[in-house]
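Okay, here's what each chain looks like letter by letter:
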Amino acid sequence: MSAAMRHAEGLGALLLAAVWISPLLFAFWAAFHSTSDAVNLNIWAPWTLDNFRTAWAGAPWLRYFVNTFILVTVVLIGQFVVTTLAGFAFAKVAFPGKDLVFILVLMQLFILPEVLIVENYAMVSRIGLFDTILGVGMPYMASAFGIFLMRQAFKSVPIELHEAARIEGCGWLGLLMRVYVPLAWPTYLAYALVSVSTHWNNFLWPLIVTNSPETRPLTVGLSIFGAPENGVDISVISAATMMSIAPLLVAFLVFQRQFVQAFLRAGIK
Amino acid sequence: MSAQAALERRRQAIYGWLLLSPAAVLLTTFAFYPSIATLWSSLFSRGTRRKPPEFVGLENYRDLMADPTFWLVVKNNLIYAAVTIPVSITIALAMALWANSKIPARGLVRTAYFTPTVLPMIAAANLWLFFYTPGLGVLDQIGALFGLPSVNWLGQPETALWAVIIVTVWKEAGFFMIFYLAALQTIPEDLREAADIEGASRWTYTRRIVLPLLMPTTLFIVVNALINSVKLIDHLFILTKGGPSDASKLILYYIWEMAFAFFDAPHAAAMTILVLGVLAVVAGIKFSYLDKRTHYQ
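For the record, the sequence lines run as chains X and L. Per this note's numbering, the first sequence starts with residue -18, numbered consecutively. Per this note's numbering, the second sequence starts with residue 1020, numbered consecutively.
With the rest of the complex left out, here is chain X:
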């Protein structure tokens, strides 16, 4: 390949990168400037924290953060328990009807929880979980995707380890907890990253099931805060947006490699 060609390509890659990151950089910059400076693209304007002060005072952000944090934790714990047990059953236990049930589970990959909002809303109300964090998290706990992932991870555990533990007198539960779960920890890590970022960002379902600041997660809080009826100006919206994405974004920049690996592991298998 000619050198000119290579330079052109490098330039193209950099240009696309600049375009791709620009909305984020621009909002970041705007969050630290007064609205008039921001909309006039006044590059040399002084930096200020006023937007963050206004945004912070405008909504119970701390409560939203705590809610989102509780939500992702509850979902993750639920998913770990449910998918570990089910994944193990599919991977290592022989029982009648296994294949049929597995096809049913795979079907759920395409019955998106997002599409079933009407009936799931009725269901959550019926069992008394409307406007609770548990109600937001519960429909996602038996994730078909997670069950599938765990099944794959457990299948790859060598049968020798399984048999050795059995000979040592390990029961099924001990086998699962002492042999399979420790060996599958990279899968757990990957799944945790994907799950946390998915539920940190989830919006439609929490919007439907929550109805008070005590349960509302960040995404719903942010959408209410930025609603045009509230008449908040764009710099303050940027500040609020920056605040709500900061934890996940910082975590991503620090653990970038693991993050990308996690998404890969989650998607490819």
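Quick caveat, the hints were computed from the structure, so don't treat them as lab data. Heads up, a few of these hints could be off.
[Claimed, not checked] The following label-pair restraints were derived from C-beta to C-beta distances: (1) L/R1069 x X/W37: 45 to 53 angstroms; (2) X/L170 x L/P1087: 35 to 43 angstroms; (3) X/G152 x L/T1067: 55 to 63 angstroms; (4) L/Q1160 x X/A227: 57 to 65 angstroms; (5) X/I84 x L/L1037: 44 to 52 angstroms.
[Said to hold, decoys possible] Think about it this way: if two alpha-carbon atoms lie no more than 25 angstroms apart in a straight line, the pair counts; the simulated DSS-like pairs of lysine-lysine are: (6) L/K1305 x L/K1094; (7) L/K1250 x L/K1094; (8) X/K79 x L/K1094; (9) X/K136 x L/K1250; (10) L/K1260 x L/K1121; (11) L/K1250 x L/K1260.
Note that the structure is predicted; figures quoted are calculated from it, not measured. Glycine is no exception: its CB is placed at the ideal position from the N, C-alpha and C atoms.
Since the structure of chain X is provided, determine the placement of chain L on it from the hints.
For chain L alone, kept in the frame of chain X given last:
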């Protein structure tokens, strides 16, 4: 001996079902039962205080077929899918090929491509509001430099859907890039060396060797992108609320609106069933065709 084997088999069966029971209960409660219930309630009329719901057969579906908004929304969603899927896949492929070759600041470039993926759709929409706001937004400011008039990107029917599409492409291209990057790394070096020895140009190498080898990945991404074209609607709540005059309304948003703004659950249910039908076709294609190429076992 065979009595013992039978005992062991029975024990395994009990363990299996016990282990499965939490997942089975949850899946039934939040996936299978709601699917059936949706189908059932799509066959009933919407009850009022005086008149309880009654069985109307396919009436709700007939109403939908006669509803011009429904057809507009279907058309919007088809455009949404037909544009976001190929465009984001093409961009993702370019990103992956670049992020995999020797370019300056490769780490930074990769980060820039991937970062939108970790943002909530709501936050992404807020960021893009800044670009689209008429008069004040970045797009208008840039346009003004070239003497172009101010455009209300989100406020006019001709551009609103496109503004929404751009945000979706921006959000998902980096995600798809990751899958291509992974696939590119599994292509053995010898193929490239062989191509070099044969004097094949880089373009020929990419077109004749790399792209065919990426085919399974592309199919996998297409299925994901298809699902996304149903699912990714959060930004509508911030950017357009489906407007102006339904020009950017997508199906899932319409379902939400029907159920939770117009309180018309039966019609929302009928629409849900139609979407599930489409997803079932996608699932059928995936499991019967694609899985012959990608091995799960």
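Next on the checklist: Of the numbered hints stated earlier in the document, which are not met by this structure?
Outcome noted: 2, 4, 5, 8, 9 and 10
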